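Please model the entire structure based on the sequences and the hints provided.
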Amino acid sequence: MSGDGKTEAMDLDPKGHAADQTLPKDGFEALTQEYYAGKHISEPVKEIKDKWKLLPAFLKVKGLVKQHIDSYNYFVNVDLRKIIKANEKVTSDVDPNFYLKYTSIRVGMPERLDADVANRSYTPHECRLRDLTYAANIYVDVEYTRGKQIVKRKNVNIGRLPVMLRSSNCVLTGRNEAELARMKECPLDPGGYFVVKGTEKVILVQEQLSKNRIIVEVDKKGNVVANVQSSTHERKSKTAIFVKNNKIYLKHNSIAEDIPVVIFMKALGIQSDQEIVQMVCGNDHNLNDAFSINIEEASKMRIFTQLQALEYIGGKVKVNRKMTAVRKTLAEEALEVMATVILSHIPVENLNFREKSIYAAVMIRRVLIAMGDEVSVDDRDYVGNKRLELAGQLLSLLFEDLFKKFNSDLKLAADKVLKKQNRTQEFDIFNQLILHGDHITGGFVRAISTGNWVLKRFKMDRAGITQVLSRLSYISALGMMTRISSQFEKTRKVSGPRSLQPSQWGMLCPSDTPEGEACGLVKNLALMTHITTDDEEEPIRKIAYTLGVQDVNLLTGVELYQPNTYLVLLNGVILGVTRRTQKFVADFRRLRRAGRISEFVTVFVNTHQRTVNLSSDGGRICRPLIIVEKGKPRVTQEHINDLIAEKLTFDDFLKKGLVEYLDVNEESDANIACYERDIIPQTTTHLEIEPFTILGAVAGLIPYPHHNQSPRNTYQCAMGKQAIGAIGYNQLNRIETLIYLMVYPQQPMVKSKTIELIGYDKLPAGQNATVAVMSYSGYDIEDALVVNKSGLDRGFGRCQTMRKYATMVKRYPNGTHDRLADPPAEDSDFWHESFEALEADGIAGVGEPIKDGTVYINKQVPTSTSVEPSVSGGAQAVAYKAAPLRYKSPQTGYVDKVLFTTTESDQTLIKVNVRQTRRPELGDKFSSRHGQKGVCGIIVQQEDMPFSDQGISPDIIMNPHGFPSRMTVGKMIELLAGKAGVMAGQLQYGTAFGGSKVEDMSKILIEKGFNYSGKDYLNSGITGEPLSAYIFFGPIYYQKLKHMVMDKMHARARGPRATLTRQPTEGRSRDGGLRLGEMERDCLIGYGASMLLLERLMISSDIFEIQVCDECGLIGYAAWCQYCKSSKHIRSMQIPYAAKLLFQELMAMNIAPRMMLEDAL
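Note that the numbering used here numbers the sequence shown so that position 16 is 16, with each residue one more than the last.
Keep in mind that the hints were calculated from the coordinates and are not lab data. All figures in this text were calculated on a predicted structure; none of them were measured in a lab. Cβ coordinates follow ideal geometry from the N, Cα and C atoms, glycine included. None of the hints are false.
Heads up, simulated SDA-like pairs for lysine to any residue below, C-alpha to C-alpha not over 20 Å straight-line:
(1) Lys247 - Ile295
(2) Lys1048 - Asp1071
(3) Lys405 - His439
(4) Lys244 - Glu297
Estimated spans, in silico, between C-beta atoms of each pair:
(5) Arg175 - His961: 51 to 59 Å
(6) Asp461 - His832: 46 to 54 Å
(7) Lys762 - Glu126: 19 to 27 Å
Here is the structure:
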């Protein structure tokens, strides 16, 4: 087990202070010193207790949900300004003097839209209850012309932006617990989501291949392809260089045909063949031979100069349909495409194609090498080749699109007015500005509430980007915030993207992924990760040149590929070459650790491709590690003591160069030790802060996960999100579609560090059950549990469900509106017991019990809602028809609260919250934290349960057959540690790769007079005799899951039918039938049970009596054959209604099905 050293150290700490001084006294301890490679034994001991304190310090500033919030803040504070700067001017074609210029932009605090209110700010909780959108106004400062003068206006509102909770613009930021309580918000709620139309929506992290990077692959036909997905603010485009019949071609969407690469290089201005060969191959003769065929091809086409090449490409360019006033020549057309579209992320200034040509040459070279050497293709599934898109980037794309549309609408409006010659007043575009704001507001709300991101410019159309935040339990909400969804289609059975990548270590959780079709495609972030935002490139470029990078524009092809020369790339753009690679990298890292460069810029050397890559782009996953120098960690005990005393924060560790962030690429350059004892002097570069951070927030709940078989941990990750528990401190103020609450939740006896860090011990979802592992009664076969009835009476597993029922009191265009009617008087003829719960205002009173069929809102709607022109003044008497809302559920519920409010559009909204309290019954699902799920098989009286000497009887009896094949040893250790913790009166730890050790737990048990193995002597509750074996007996944390029999139980005799086919409806909600499907039919056929088949498939389903004419074989009606015009040969018979429907539909399609009848025997 890999955790020994760490936990030894933990135990030495409290007891072994004196160990430091008395070390050298006898020869045995000298042996242990060698184990630490010549360092004091005290060093690792001290390191351990402190090191993990960096983790809570990290989680204060980054991690878990902070990635969403950081990304959103970056969008609001940085990206918005960039977008405005890029599209700052609106001009008009009609009036050359007219212009509108945006000078600045800012987003306010969230404000309500209601007119004339005293307090404009509002809280997210109010938005949830009133179905509002939690949004803030976007203000711009504009400067524009009105007639002859220039007008400046400040704070013009151009729309509303939904605000992410806990972001810099949210009212909850920086509040203490008391203030949050006043706002009815839970202090543990992570934030990071939006409230749109009253529902909580999360923008999931989207995973994509990284942009602006060359990725070489082998396609289906076995040919080599190098792809670059170029992405700039203006356009996104994909350029591919691929091999066909040993010749290399360039492919791009804007060019109709594939272009031979030599022609492409010539068009970039490199005309001589020798120069092309040098740029691609250097002095490598093998590559020369492979490349020569392409040069011959170009000369066969008789293309020698740049002009000829441009004309050739110009002929193939897809021309824009917008015919501009000036006709361009083919060559100009081609030049423009080459400069702005192909490989568009490489800048071309004043038609200087040098950088682009070298980049293209590097791409071609990579393809050539991959043709000769299959190993040098890239791995798309490598985490370093992936980028994660967060809410900020997605909203920024969306806003840019909406803002461009907004500006083009303004321009159209301006043109329309300015065209008119004799206007009565001067044209003021300010009025237009205010009108068009709804477009931006609506665009945001529509995108977030539907989850469809549709951007015309990039032809981007993605669905399912947002999801409703699952509030089943605190963990399900947290788990959703760290979820990453891939852009792969789930149906294809590709194993590549699904498998666990070695490069995921420490970045993505190895256990937390769903089972089934999305397995491995939906991932979760590990505990100590951060996702970068974009950093400025210009300073990095300057620093690189200062550190001795030679500018790419000054080099010839030969110099690029000399043996000791490495290309330097910044975010996929070539900066130049360096000859002293190691020195350059070391200097760069030194600058970064000194804080001269942003800590999120990474540098790594790719020895295969001989490149040095600098990355500062957003969306890379990175994590902090302790820097090791000369075999010693830079973080010392003093630093940590200061951290615990709150003299230092995590950021100080970064500033002092003790800790640094590494992304996946740089991590594969580093040499990282898990524990201090693994440090090898001279080679080790970094030290893990804590090994258990390779797990995510959800997998961190499992005690001793390193003792379980791996899929069990994955099962628990799925079930931990379905456990019923506390969902927040404000859970009783919420009105949601469905809330499950546990009445008496407990924190687990065996916790882990992760549990404390994410606050699960404050909002737990489960109870510590006393478990006996033994066979009892035979009702415990196949994972069923035997449950103690007295345990249930004491409140074990008891839960409440709250359900929301809502209705709107609508107004109609003809002046009528819905109304709430008082219930009829009890002595009147209209009285019915279903009106019992109603109060005088027609809404059920709080605390009233409501049964199946009870009316809880006695609503009436007007019979006619259309506008009738005949009646003038609208004073006609309105007839109402009753439309009461009735409660449907087999169990009695109680009205918990009633909310009466208005929405943004002044419609009255009524929400009724109905509460049920449920105790566990047969068939309810339980699970421990080790993927050991089971249903309640039988509930036994306490007097029949076995009992121990202390008179303790178990809450749950679990069948021992659940252990051998599943190998969940962690569950056994949890029982042992829990039992020891109960006896010692303290919580034990089961943190991954560490935790309380079995040996120590056994010691405590023996001290308290128990067996070291956790087994007890039990007496049978039925006979009173001792059981014939010792029973493994102790506390295990059990979770009650949301799957309860009451919500699933369903049966029906007769009931509703579908209108079209007259067959029983489907599903429990519609009181549907139980279908005898094709496979069941096959079984019955196999048994030859023909009458049973007839009964199930026709008589009990959709039997129908029809009249058939014996003469013509068509269906008659009412004993009359319309075809033969007689009723002579009509026979009556029974067929399924669906068959009759089929015949009639065939007749409608001009096919005549005729039934040939024979006499029944």
